[in-house]
Structure formats: structure tokens, C-alpha cells
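Peer 1: So you can see what is in the structure, the chains are spelled out below.
There are 2 protein chains.
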Amino acid sequence: MSVFFYGCITMDGYLADKNHNLDWLYQTGTIEETGYESFYKNIDITIMGKRTFNEIEKIGDISGIYPTTRNYVFTHAESLSAKEFIPINCDVVEFVKQIEMDKNIWIIGGNTILAPLLDSHLVDNLIIQIAPVLLGTGIPLFSQKEELKRFCLKEVKKYGQFAELIYSKI
Amino acid sequence: MSVFFYGCITMDGYLADKNHNLDWLYQTGTIEETGYESFYKNIDITIMGKRTFNEIEKIGDISGIYPTTRNYVFTHAESLSAKEFIPINCDVVEFVKQIEMDKNIWIIGGNTILAPLLDSHLVDNLIIQIAPVLLGTGIPLFSQKEELKRFCLKEVKKYGQFAELIYSKI
Chain F
1 MSVFFYGCIT MDGYLADKNH NLDWLYQTGT IEETGYESFY KNIDITIMGK RTFNEIEKIG
61 DISGIYPTTR NYVFTHAESL SAKEFIPINC DVVEFVKQIE MDKNIWIIGG NTILAPLLDS
121 HLVDNLIIQI APVLLGTGIP LFSQKEELKR FCLKEVKKYG QFAELIYSKI
Chain Y
1 MSVFFYGCIT MDGYLADKNH NLDWLYQTGT IEETGYESFY KNIDITIMGK RTFNEIEKIG
61 DISGIYPTTR NYVFTHAESL SAKEFIPINC DVVEFVKQIE MDKNIWIIGG NTILAPLLDS
121 HLVDNLIIQI APVLLGTGIP LFSQKEELKR FCLKEVKKYG QFAELIYSKI
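Chain order of the listed sequences is F and Y. Anchor point for the first sequence: position 63 equals 63 in our numbering, and the numbering is continuous, going up by one each time. Anchor point for the second sequence: position 6 equals 6 in our numbering, and the numbering is continuous, going up by one each time.
Any given hint could turn out to be false.
Which copy is meant is left open, because identical chains are indistinguishable; a pair holds if it fits in one copy or across any two.
Straight-line alpha carbon distances no greater than 35 Å define the calculated DSBU-like cross-link-like pairs of lysine-lysine that follow [as the list claims (entries may be wrong)]:
1. K50 x K145
2. K154 x K169
3. K97 x K41
4. K145 x K103
Just so you know, the hints here were simulated from the structure itself, not pulled from any lab data. The structure displayed is predicted, hence computed values, not measured ones.
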């Protein structure tokens with residue numbers, strides 16, 4: 001079982017603006033030339049929070065967006081607008097720990113999902129795209145507890161206006 | 001007059017830990033193989049806050065660290081421990097605006113110096129090294145006001161365990 005975070009933030013570390021809006025991201029360019037497709041091919045399970053689900057829902061037809069993965073949404077809701085997304089309401093750390101050894105998990109967002117996994121040292125890979133934008137306020141990617149956690153920088157890439165930093169657990 | 005920020009932050013965007021400590025940075029490696037020397041050669045004036053000065057002072061003999069630049073420290077103090085550093089107590093935006101057109105200024109730190117300059121659109125270049133470390137809390141690099149500010153990503157580099165992102169004003 002290998003846990004990936006793969007996603008985009010601003011230069012000042014925000015996943016979204018304070019209203020959970022991603023316009024700044026869409027205005028930066030597309031991810032077409034990035035390694036997204038080869039990344040997604042290796043993923044078996046996606047995990048996201050309800051707010052991330054809501055954002056993806058806004059883009060358009062959500063049913064085909066993650067077609068080959070089992071997609072879990074952490075929410076108190078009992079059902080979601082697309083049958084391809086499974087609502088789940090439990091401790092994310094316990095949930096991840098019981099996933100089979102040979103599965104790859106993508107933490108799509110947001111920070112309330114990522115933080116407890118970082119605190120439990122369960123995040124194996126961080127693939128972070130940085131958009132050349134400052135927002136000044138918003139939803140931060142990192143909201144884990146105070147503790148020095150060191151990763152290994154494997155690679156840096158440039159895709160148009162996005163910088164991509166690839167880290168693995170030491 | 002061209003204003004540069006050049007400095008290192010953690011993956012979660014901190015310039016220093018909450019006690020203004022930089023051990024996490026020194027433990028990541030040295031900057032010897034980076035472009036620091038060629039960057040510094042082009043700088044005429046450095047500007048820093050008093051806390052940044054205090055941190056540099058801790059490293060050892062401070063007098064020769066920025067030998068070819070005119071070095072200003074924003075502080076209420078009337079004198080500093082090294083004559084190579086000039087104490088100054090005024091508005092940083094007004095101070096920067098009156099500097100001669102042909103001079104390059106390096107904003108060494110910290111966020112109380114950088115924020116008003118960003119808010120006044122006076123920062124021309126951001127050269128940010130990212131150490132592969134999460135702290136969870138600390139002194140953030142970015143504390144400017146809420147406003148979307150877009151830069152242009154010129155280059156990404158990898159120096160050992162540091163990722164370097166080079167931005168210019170659009």
C-alpha cells in the first residue's frame with residue numbers, strides 16, 4: 001500500500017481560495033502536458049474530502065473523471081450525485097491502514113484528509129505542482145501538527161507555468 | 001531599481017521555525033553548489049529585518065558575510081553589532097521607492113519586510129529554494145494581503161535536496 005498526494009497549490013501554499021474556488025488554477029493553464037496520465041494509470045483508489053468532491057462536481061460531468069479507480073469521499077452524507085463515488089464516514093488513518101498491500105492510493109484533497117495521514121507518517125509520495133500565483137489567504141495544503149518531517153526530493157520539473165516537485169518518504 | 005527576494009523556505013512555506021530557528025535548513029545541506037555567488041555579485045543593496053539580522057549574527061563573524069553590498073537592517077535600534085550593517089527605521093516601501101534606478105536590492109527576510117513590498121507590487125523577482133521539510137508551524141514567508149498576484153515562472157532547478165523556483169513580475 002502506497003499513499004500519494006498529487007495536486008496543485010499556489011506559491012503561498014493554498015489548495016483553493018477561501019471560498020474553495022479554483023479559478024486561479026484554471027487560469028494558469030491545463031495539465032495536459034504533465035505526467036498526470038501516467039500517474040493516474042498506477043492508482044487503484046482515490047480518497048477525497050466532500051469539499052474537493054463539490055469542486056470536481058462543478059467542473060461538469062463527474063462520472064467519468066476517475067474511471068478506473070475506486071473513489072471514496074469522506075462525508076457525513078449517505079449518498080452522492082455520482083454512483084462512481086462512494087461516501088464513507090470513518091477515521092481516514094484507520095481506513096488507509098486496512099487497504100491491501102498492493103494498492104496505490106491517491107489523496108486528492110483536502111487538508112483535513114492529508115493532515116492526519118502526514119501525522120501518522122502514512123504519506124509515501126508527494127507530487128506537488130505550484131502555480132505562479134499568490135492568494136494571500138485560502139485553504140492551505142499543509143495543516144498537519146507541529147513536528148519536523150523530512151522528505152527526499154527526487155525530481156523537479158517545469159510544465160508551462162507549473163513547477164512540479166516530487167518527494168518520497170525517507 | 002530591481003527588487004529580488006532570494007531565500008529558502010520549507011515545503012509548508014516557513015522561513016524559520018516559531019522560535020526563528022534555522023536548524024532544519026542547515027541540516028538540509030549547503031548552498032555551495034547553487035547560483036548564490038552569481039546572484040550576490042549582481043546585488044548592490046541588501047535589506048533585512050532585525051530578526052533576520054539576529055539569525056545571521058548567530059552563524060558567526062557577520063562582518064564579512066555581505067562584503068560588497070550596502071546592508072540595511074530595519075530596526076528601532078540605533079546601532080548594530082557590525083558596522084557593515086546600517087540600522088534604519090522608516091517605511092520600507094518609501095525607502096525602496098527612492099533607491100536609484102540602476103541598483104539591485106535583495107530582500108533577505110523576513111515576512112514583515114516582504115509583505116508591504118508585495119502589496120505595493122515592488123517585488124520584481126522571487127528566487128525561492130524549498131527545503132524538503134515540513135515544520136507544521138513557524139514564520140511564513142508570505143504574509144501579504146489577500147489579492148491575487150500572478151508571477152511568471154522562468155525556471156526550476158534542483159540543487160541537492162533543494163528545489164529552486166525562479167519567478168519574475170508579469
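Peer 1: For which of the previously enumerated hints does the structure constitute a violation, in increasing order of number?
Peer 2: none
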